[in-house]
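Student: Given next are the chains, with one letter for each unit.
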Amino acid sequence: MRIALLTEGAKRRPKGDPLAWCDRLVRGLTDQDFELYALCRDPLDTPEGWAERHPGVRAVHTHPLWGPPPGSDRTPPRGRAMRRRFLDCYQELAAALTARPDPPGSADLADRFANGLYGLADLAREHAGLPAALRSEAAVRALEAACRTPGADPLLGCATVHDLLTATEALERVLRPLSAPWYDEHTLGAADLCHATSGGPATLPGLLAARYGGTPLLVTEYAVRLREHYLDREHDQLPVRARALLAALHRRLAAESYRTAALLTPGNGHIRRWQERCGAPRTKIRTVHPGIDAGRLAAIGEAAEAGAPEEDDPTLVWVGRVEPAKDLVALLHAFARVRTAVPAARLRIVSGGGRADYLAQCRALATQLFPDEAVDSRTPGENPVTFDEIGSPYVPTPVDAYTAGGVVVLSSVVEGFPTTLVEAMFCARATVSTDVGAVREVIGGTGLIVPPRNPSALAEACAELLRDPRRRALLGAAARARALELFTAEQNTTAFREIYLDLVAHRRPAAQHTASAPFAQPPEAHVPGSWRPAPGVPGRAKRAPAWAVREPRRRPAAVGALGEDA
Amino acid sequence: MTGPHTAPEPVEPSARRRGPADPVLLLIRRHYELCATAVDPLEIAAGLEAHGVTDRTAAQFRHRDVFSLAEELYARVPRATPADAPHQEPDATQLTPGQLGWHLLPGAVCAAGIAAAHALPARAAVIAGGTLLLVLLAARTALRRGPLRAAPASGAGRCACWLLAFALYGPWSLTTHAAPLDPGTSAGLLACALALPPAAWCARRFARRARSVLAQSHGLAEFAAGTRPPLLAELGLFALVLSALFATGYLVLTHGVRPDPVALGGCVALGLLLFTARLLAVHGLPSAAVAGTGGACAIEAAALGAQLLGRVPALRACGTPVRALIATAGPGSVQAVACAIAAVAVTGYAISALGRASAHIGDRAITLVRPALADRAVVR
Numbered sequence: 000m001r002i003a004l005l006t007e008g009a010k011r012r013p014k015g016d017p018l019a020w021c022d023r024l025v026r027g028l029t030d031q032d033f034e035l036y037a038l039c040r041d042p043l044d045t046p047e048g049w050a051e052r053h054p055g056v057r058a059v060h061t062h063p064l065w066g067p068p069p070g071s072d073r074t075p076p077r078g079r080a081m082r083r084r085f086l087d088c089y090q091e092l093a094a095a096l097t098a099r100p101d102p103p104g105s106a107d108l109a110d111r112f113a114n115g116l117y118g119l120a121d122l123a124r125e126h127a128g129l130p131a132a133l134r135s136e137a138a139v140r141a142l143e144a145a146c147r148t149p150g151a152d153p154l155l156g157c158a159t160v161h162d163l164l165t166a167t168e169a170l171e172r173v174l175r176p177l178s179a180p181w182y183d184e185h186t187l188g189a190a191d192l193c194h195a196t197s198g199g200p201a202t203l204p205g206l207l208a209a210r211y212g213g214t215p216l217l218v219t220e221y222a223v224r225l226r227e228h229y230l231d232r233e234h235d236q237l238p239v240r241a242r243a244l245l246a247a248l249h250r251r252l253a254a255e256s257y258r259t260a261a262l263l264t265p266g267n268g269h270i271r272r273w274q275e276r277c278g279a280p281r282t283k284i285r286t287v288h289p290g291i292d293a294g295r296l297a298a299i300g301e302a303a304e305a306g307a308p309e310e311d312d313p314t315l316v317w318v319g320r321v322e323p324a325k326d327l328v329a330l331l332h333a334f335a336r337v338r339t340a341v342p343a344a345r346l347r348i349v350s351g352g353g354r355a356d357y358l359a360q361c362r363a364l365a366t367q368l369f370p371d372e373a374v375d376s377r378t379p380g381e382n383p384v385t386f387d388e389i390g391s392p393y394v395p396t397p398v399d400a401y402t403a404g405g406v407v408v409l410s411s412v413v414e415g416f417p418t419t420l421v422e423a424m425f426c427a428r429a430t431v432s433t434d435v436g437a438v439r440e441v442i443g444g445t446g447l448i449v450p451p452r453n454p455s456a457l458a459e460a461c462a463e464l465l466r467d468p469r470r471r472a473l474l475g476a477a478a479r480a481r482a483l484e485l486f487t488a489e490q491n492t493t494a495f496r497e498i499y500l501d502l503v504a505h506r507r508p509a510a511q512h513t514a515s516a517p518f519a520q521p522p523e524a525h526v527p528g529s530w531r532p533a534p535g536v537p538g539r540a541k542r543a544p545a546w547a548v549r550e551p552r553r554r555p556a557a558v559g560a561l562g563e564d565a
Numbered sequence: 000m001t002g003p004h005t006a007p008e009p010v011e012p013s014a015r016r017r018g019p020a021d022p023v024l025l026l027i028r029r030h031y032e033l034c035a036t037a038v039d040p041l042e043i044a045a046g047l048e049a050h051g052v053t054d055r056t057a058a059q060f061r062h063r064d065v066f067s068l069a070e071e072l073y074a075r076v077p078r079a080t081p082a083d084a085p086h087q088e089p090d091a092t093q094l095t096p097g098q099l100g101w102h103l104l105p106g107a108v109c110a111a112g113i114a115a116a117h118a119l120p121a122r123a124a125v126i127a128g129g130t131l132l133l134v135l136l137a138a139r140t141a142l143r144r145g146p147l148r149a150a151p152a153s154g155a156g157r158c159a160c161w162l163l164a165f166a167l168y169g170p171w172s173l174t175t176h177a178a179p180l181d182p183g184t185s186a187g188l189l190a191c192a193l194a195l196p197p198a199a200w201c202a203r204r205f206a207r208r209a210r211s212v213l214a215q216s217h218g219l220a221e222f223a224a225g226t227r228p229p230l231l232a233e234l235g236l237f238a239l240v241l242s243a244l245f246a247t248g249y250l251v252l253t254h255g256v257r258p259d260p261v262a263l264g265g266c267v268a269l270g271l272l273l274f275t276a277r278l279l280a281v282h283g284l285p286s287a288a289v290a291g292t293g294g295a296c297a298i299e300a301a302a303l304g305a306q307l308l309g310r311v312p313a314l315r316a317c318g319t320p321v322r323a324l325i326a327t328a329g330p331g332s333v334q335a336v337a338c339a340i341a342a343v344a345v346t347g348y349a350i351s352a353l354g355r356a357s358a359h360i361g362d363r364a365i366t367l368v369r370p371a372l373a374d375r376a377v378v379r
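Chains as they are written, first to last, in numbering that gives the first Met the number 0: chain A, 0 to 565; chain B, 0 to 379.
Some hints here could point you the wrong way.
As the list claims (entries may be wrong) - Beyond 10 Å from chain B on every Cβ pair, some chain A residues (computed):
1) His62
2) Arg111
3) Ala127
4) Ala138
5) Ala151
6) Leu225
7) Arg258
8) Arg281
9) Ala403
10) Glu489
Unchecked claim - Simulated restraints, written as ranges between beta carbons of each label pair:
11) Arg204(B) - Pro280(A): 52 to 62 Å
12) Asp121(A) - Arg227(B): 32 to 42 Å
13) Arg75(B) - Gly443(A): 31 to 41 Å
14) Gln93(B) - Gly352(A): 46 to 56 Å
Derived by calculation from the structure, the hints in this document are not laboratory data. Where is the CB? At the ideal position from N, CA and C, for every residue including glycine.
Produce the entire structure from the sequences given, and follow the hints as far as they go.
Tutor: Written out as structure tokens, the structure is:
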């Protein structure tokens with residue numbers, strides 16, 4: 000099958016690589032043809048070397064969302080009729096954006112938004128220059144008029160020219176994928192499936208492909224794009240009314256993509272709740288947990304289970320990025336209480352990057368709470384709390400961090416999908432974690448859960464596990480079994496393979512074909528994928544000559560198969 | 000929006016029992032800034048979640064989930080009206096000393112060329128050509144930085160080259176007796192080259208004025224009305240500076256003879272035309288700029304063609320108007336007329352076009368890309 004991966008921003012970020020799981024997906028599904036369509040948010044934000052690294056990726060297309068529009072789009076479409084048509088569509092869009100956040104008749108507004116959006120897309124498909132039109136004086140005027148209409152959000156009523164201009168420019172950037180050169184029969188038109196790797200603007204090309212070619216759209220969200228937009232610090236600089244308009248665009252876009260998508264695959268229940276809130280129908284949602292490359296982690300877990308019971312090691316381990324959201328202060332306070340119950344207890348904090356000032360603050364608190372101590376009068380003392388960094392000689396790799404102790408602790412106040420927790424589960428470690436984000440869903444009874452920001456409950460749970468090695472081993476084994484069942488990369492890949500097959504099998508012919516003449520093109524006429532040899536052939540198979548490929552595709556597949564049999 | 004100005008505070012364990020009758024009030028007090036600046040309930044929900052409020056916390060406040068709690072907060076907290084004057088944005092079009100140096104370079108090159116031509120009068124035509132070439136190269140380098148930086152447009156450079164070349168060689172080619180670097184033309188070229196720093200300064204002043212009008216005005220019509228006076232003021236100021244430069248240059252070159260009004264008019268018209276066209280290009284209207292300068296080029300080329308055709312005995316009538324013009328006002332009058340017509344047209348267009356808000360869309364720093372990155376991309 001030919002699968003178009005749609006992404007927005009491909010750069011590696013400190014919080015994680017947005018393309019890391021796509022990477023694993025492409026490696027896992029070697030028998031599919033992938034094409035990457037990336038929207039780049041700044042000049043350095045390019046998926047460099049993707050095509051070279053992955054033999055399964057046929058092509059990488061990029062479209063810039065930064066800077067002025069590309070060359071051919073700098074002059075608006077000419078002619079009075081064109082201007083009128085653009086203005087009609089833009090007024091619909093602006094009316095939907097300036098309405099109150101949740102008015103009673105919001106289905107009507109969603110339709111107006113869709114009409115405006117697809118009208119602009121049709122315009123961009125027929126004529127170059129939509130970005131210039133979106134930045135033109137007519138667009139600013141239309142936005143001003145929409146802000147001043149009686150039904151509009153009262154906040155926008157007194158928008159200044161500065162607000163309007165800022166909003167116009169920001170809207171143009173978000174809508175720029177409408178004029179990307181991707182909607183002909185050689186690019187997205189040829190794809191059997193569009194897979195958007197995040198919500199929001201990345202789904203725009205998929206929405207248009209679904210409109211023009213009937214290509215099914217699959218939206219995977221491992222972080223809620225709309226929520227990220229609200230929390231994005233860059234938007235704090237914008238004036239508040241421009242921010243309101245931009246937020247409205249993202250909200251409507253999310254609702255439209257949830258409405259049009261064939262299937263939504265959120266990464267956990269929290270994301271699922273956001274999607275339902277934004278209007279995603281429940282029947283379309285199927286949670287697919289992000290997978291983790293088990294590899295060495297699983298080997299450690301196996302050794303821990305099969306090998307002799309370890310000596311009783313009363314060490315707590317915390318692994319992760321050092322940030323205030325992880326609430327290490329509460330962990331240190333809890334550890335102080337653990338020490339009163341289990342005097343031999345130790346705590347290892349293994350940091351994988353994060354904020355240096357917060358780390359220093361935690362170190363200072365640790366030295367205040369716990370003085371250095373020694374077993375007798377001859378040995379030098381040491382602190383029961385040790386701070387290490389991943390990559391230091393003591394902890395060369397993240398895997399070594401989990402082997403350093405018997406119980407893994409997670410003390411976060413805010414958490415999305417807790418990767419460190421899952422890794423600890425793979426290593427067959429007993430865990431104590433706070434009840435935030437997707438923790439409850441991930442741990443599912445194979446570890447202890449305490450309320451967030453409650454050091455005494457955390458201390459009690461830790462002490463309980465430290466005193467009871469047998470329970471620790473049982474919980475660890477259960478956690479490992481659960482992780483191997485639910486959170487491996489293979490599980491993720493298999494789930495997506497099934498979803499791909501299912502969506503492509505239920506694909507409907509494009510609306511324009513059925514509209515021109517009934518039964519002109521039966522659904523069987525569309526043969527997904529390319530006519531290439533079965534997988535297992537070493538290296539990349541050569542494509543068949545053009546005459547050999549084109550001929551069978553015109554005929555319905557069933558007829559072709561019968562002919563060959565005869 | 001909110002930010003972790005402070006670390007998330009621990010929830011008071013007995014908020015429900017001991018607090019006021021309305022437990023949400025406590026939450027409002029804690030997240031007041033978030034609630035007052037939020038643009039919709041979902042923003043409050045996102046902010047609350049970032050502060051560690053979960054559905055379980057929302058249940059304490061008798062709400063089903065964070066979303067309905069956020070809706071209550073959004074409804075109860077009045078929206079903060081943003082301050083009228085937005086914070087000062089970083090000035091993207093600065094004129095740094097380094098850039099000023101580049102802007103002064105064409106004037107220096109031109110002065111050196113004229114001095115050389117005076118030293119070697121026999122080679123004046125060749126030296127004039129070389130000087131023009133060097134001035135154009137220096138001006139091209141200077142215009143790539145500073146307030147006069149614009150997106151490249153096809154044809155703009157060629158039109159400017161033709162206009163300056165005609166200013167230099169036009170009188171000489173229309174009449175056989177004028178020299179290529181007579182005081183009028185050399186003072187004109189020198190004034191245009193020296194006017195580059197004032198032009199950049201005027202453009203920067205106009206951009207700043209427009210930005211302050213932008214921040215204050217509450218409607219597009221108000222903005223248009225507020226931009227016109229500063230634009231006219233800057234154009235007038237530039238014309239004055241240019242005239243002063245020309246007069247000074249002429250006086251120095253001719254040792255105290257009063258400047259020729261036709262040459263002065265031609266120089267001012269040419270400078271004003273080039274400046275206005277560049278201003279239009281800077282504000283995202285390069286096609287209008289090319290049309291304006293191209294019109295002046297066309298008039299000059301037509302005059303030159305008519306003059307050449309007029310030398311053929313059968314077509315003598317063709318050259319009559321040009322000859323009459325030259326006979327009345329001297330050889331520099333063709334350039335003065337052509338540039339004046341084009342300058343008036345371009346200025347008229349600029350007054351309406353630069354009053355539009357969309358013309359100022361690019362010169363504010365909301366590119367959502369760090370300026371350093373954007374610069375690097377432009378260089379690429």
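Student: Look at each hint and say if it fits the structure.
Tutor: Here is what the structure says about each hint:
1. His62: holds, 14 Å
2. Arg111: holds, 18 Å
3. Ala127: The assertion about Ala127(A) holds, with a minimum of 15 Å to chain B.
4. Ala138: At roughly 7 Å from the nearest Cβ of chain B, Ala138(A) sits no farther out than 10 Å, so the non-interface label is violated.
5. Ala151: Ala151(A) clear of chain B: closest Cβ-Cβ about 13 Å, beyond 10 Å.
6. Leu225: It is violated; Leu225(A) is separated from chain B by about 7 Å at its closest Cβ, not greater than 10 Å.
7. Arg258: Per Cβ check, Arg258(A) is outside 10 Å of chain B; nearest 17 Å; holds.
8. Arg281: It holds; Arg281(A) is separated from chain B by about 15 Å at its closest Cβ, greater than 10 Å.
9. Ala403: Consistent with the label, Ala403(A) stays out of reach of chain B, its closest Cβ about 27 Å off (over 10 Å).
10. Glu489: holds, 31 Å
11. Arg204(B) - Pro280(A): 52 to 62 Å: holds, 57 Å
12. Asp121(A) - Arg227(B): 32 to 42 Å: Roughly 38 Å apart at Cβ, these two residues keep to the hinted range, so it holds.
13. Arg75(B) - Gly443(A): 31 to 41 Å: holds, 37 Å
14. Gln93(B) - Gly352(A): 46 to 56 Å: violated, 36 Å
When held up to the earlier numbered hints, the structure conflicts with 4, 6, 14 and fits the remainder.
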